[in-house]
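Below, each chain spelled out in residue letters.
2 protein chains.
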Amino acid sequence: MFDFFCEIRDDLSYVEAELKRVVGEFDGVLGEAATHLCNAGGKRLRPAFALLSGHFGRYELEKVAPLAVAVELIHMATLVHDDVVDGAAVRRGRPTVQRLWGNRVAIRAGDTIFAKAIELVAGYPEPVVSRKLAATCMRVCTGEFAQAEACFNPRQTLRGYFWRIRSKTAYLIAAAAELGAVVCGAPRFISRELGRYGLAVGMAFQVVDDVLDIVADERVLGKATGGDIREGIATLPVIYVLRRSKKYHRRLLEILCAREKSDAEIKEAITIIQEEGGVAYSLEVARRFVRRAQEALRILPDIPTRDKLGAIAEFVVARQF
Amino acid sequence: MFDFFCEIRDDLSYVEAELKRVVGEFDGVLGEAATHLCNAGGKRLRPAFALLSGHFGRYELEKVAPLAVAVELIHMATLVHDDVVDGAAVRRGRPTVQRLWGNRVAIRAGDTIFAKAIELVAGYPEPVVSRKLAATCMRVCTGEFAQAEACFNPRQTLRGYFWRIRSKTAYLIAAAAELGAVVCGAPRFISRELGRYGLAVGMAFQVVDDVLDIVADERVLGKATGGDIREGIATLPVIYVLRRSKKYHRRLLEILCAREKSDAEIKEAITIIQEEGGVAYSLEVARRFVRRAQEALRILPDIPTRDKLGAIAEFVVARQF
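First to last, the protein sequences are chains A and B.
Going left to right, the first sequence walks through residues 1 to 321 as our numbering numbers them.
Going left to right, the second sequence walks through residues 1 to 321 as our numbering numbers them.
Errors might be hidden in some of the hints.
What the simulated footprint calls covered on chain B by chain A, stretch by stretch (three residues with Cβ under 8 Å from a Cβ of chain A suffice, anywhere in the stretch; the number is not a length) [said to hold, decoys possible]:
1) 25-31
2) 80-86
3) 103-109
4) 137-150
Don't read these hints as lab results, they were simulated from the structure.
From a predicted model like this one, the values you see are computed outputs, not experimental measurements.
Where a beta carbon is used, it is the ideal one built from N, C-alpha and C, also for glycine.
The following block holds chain A by itself, in its conformation from the complex (with noise of 0.2 Å):
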């Protein structure tokens, strides 16, 4: 996805083919429905956040690569577990395993591949990479059914809504750049900075991605604007409008909450959320987030990989898609 990881372009291509090489392990049908997964694509940030990670201890892939497909089948897993929440047909333009196959093999597709997750890891001989992990896991399930009992509720406050995006999104990224840091042997401080890192980076491309989902060239998305507000969704911009705006606080939530809303509906809410700088003030948050990013950069050595980082953070605000 991004020009920064040419540095680390074939060892994320090792990644990539560990990651397929692991799920088509699985028994029948769940290789299928993991491979099906590992196949629709994905970023793959959060391997690529633990490669270049490592580059600030002793770099070896083979001692990074474990937790770099970990932590993208810990992402895989919650996904395939969410779109059995959700009911979701589609995600990245591709039918869901759930839709595919079912809920019976999507959540025990889930199980399995977070299981695989945690006995790859469970071969470092630093303690903290297991726990950690887990401790994320805990972390990712309670924030998003935390966003799921926030759905459709008229009372929000932004304090819920950074926690909830900390939660589901920040930390396994935070923890990604950490760790890879950490098993390849680099000093506690600079672990703890990437870790630093990686959670405002995080934040900020939370945030980036929940903007996108109002302001987004649908094309480039490669889904309908408006998503999270039909799913009655308070994402930072509509929270925004909801404390600032006086003349649309009433007919914003109206539609944020109403189960059944027309696509008129959903488009006179991007156009409110927009004219009352709910957009403008959330990319604002964004680049805040990217500054904290910056700070915790700024400690770590001067390395190239340093600037790549740099680079990226940066990069998750500009993006488009």
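Here the structure of chain A is known, so what remains is to put chain B in place on it, guided by the hints.
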């Protein structure tokens, strides 16, 4: 459950309290659901094996307790996902999590409980603990999955049956028995034999469970007999009769593979299985597993716990519930 556990009664109570404390810390409704699961009880067989095995090393409750809690959590996580997959409304005489809170909560609760288990054992200095438990979880998932795949399927083999019950039941009991000794620093040859003991006891336990599903006193069992036949699951007594009885092969298969069946048909199948020797054969197989368990014990140091384990193995076959 077992009087054999008197030696570890206080320690089991501590594990029980820890179990409740750990799931009580989950957020909101996830905590409620997990607590409901905990309160539904269960035999706590897996924690008991972990504690007993610990006595073959330098036993310390604090050392073995996280493992004992973790193996029970893993068991609980698989149960809650099983109930989603099966659409089960009742377990152990109480409404299931998915019945009370829906699929969404049940899936997330299972994921969170599983992640918590992994987090608990990631603290052990022996990497084999996390690795073995993760591998066991994968086997449990594939075993449960294979069982569901085999439902209503006329092609049944003994080999398939033994593979399924080893995966879905015996491996986790074996892991509890083996790792209890590992975390208390017992030598490798001891923990390995305890693992063999656990595997054999686990196999016997599941075979007897499957027999009781056919012949138990319903008041003692707490549910109607013939549940497996109703769900199209071919257990050992059924597979035996299908292979041995020329007279009843066709009729038993017909009842087993019918999606809808009357109580009278299930009763008929039960009579066939009993009269054609399916129950007697299965109990003989269970006894064979018990002998295998006893053989594994013979190699172990002659401490009182060894006799307890021997008695538990005998009881597994003698039990009525």
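Subject >> Hints breached by this structure >> reply: none
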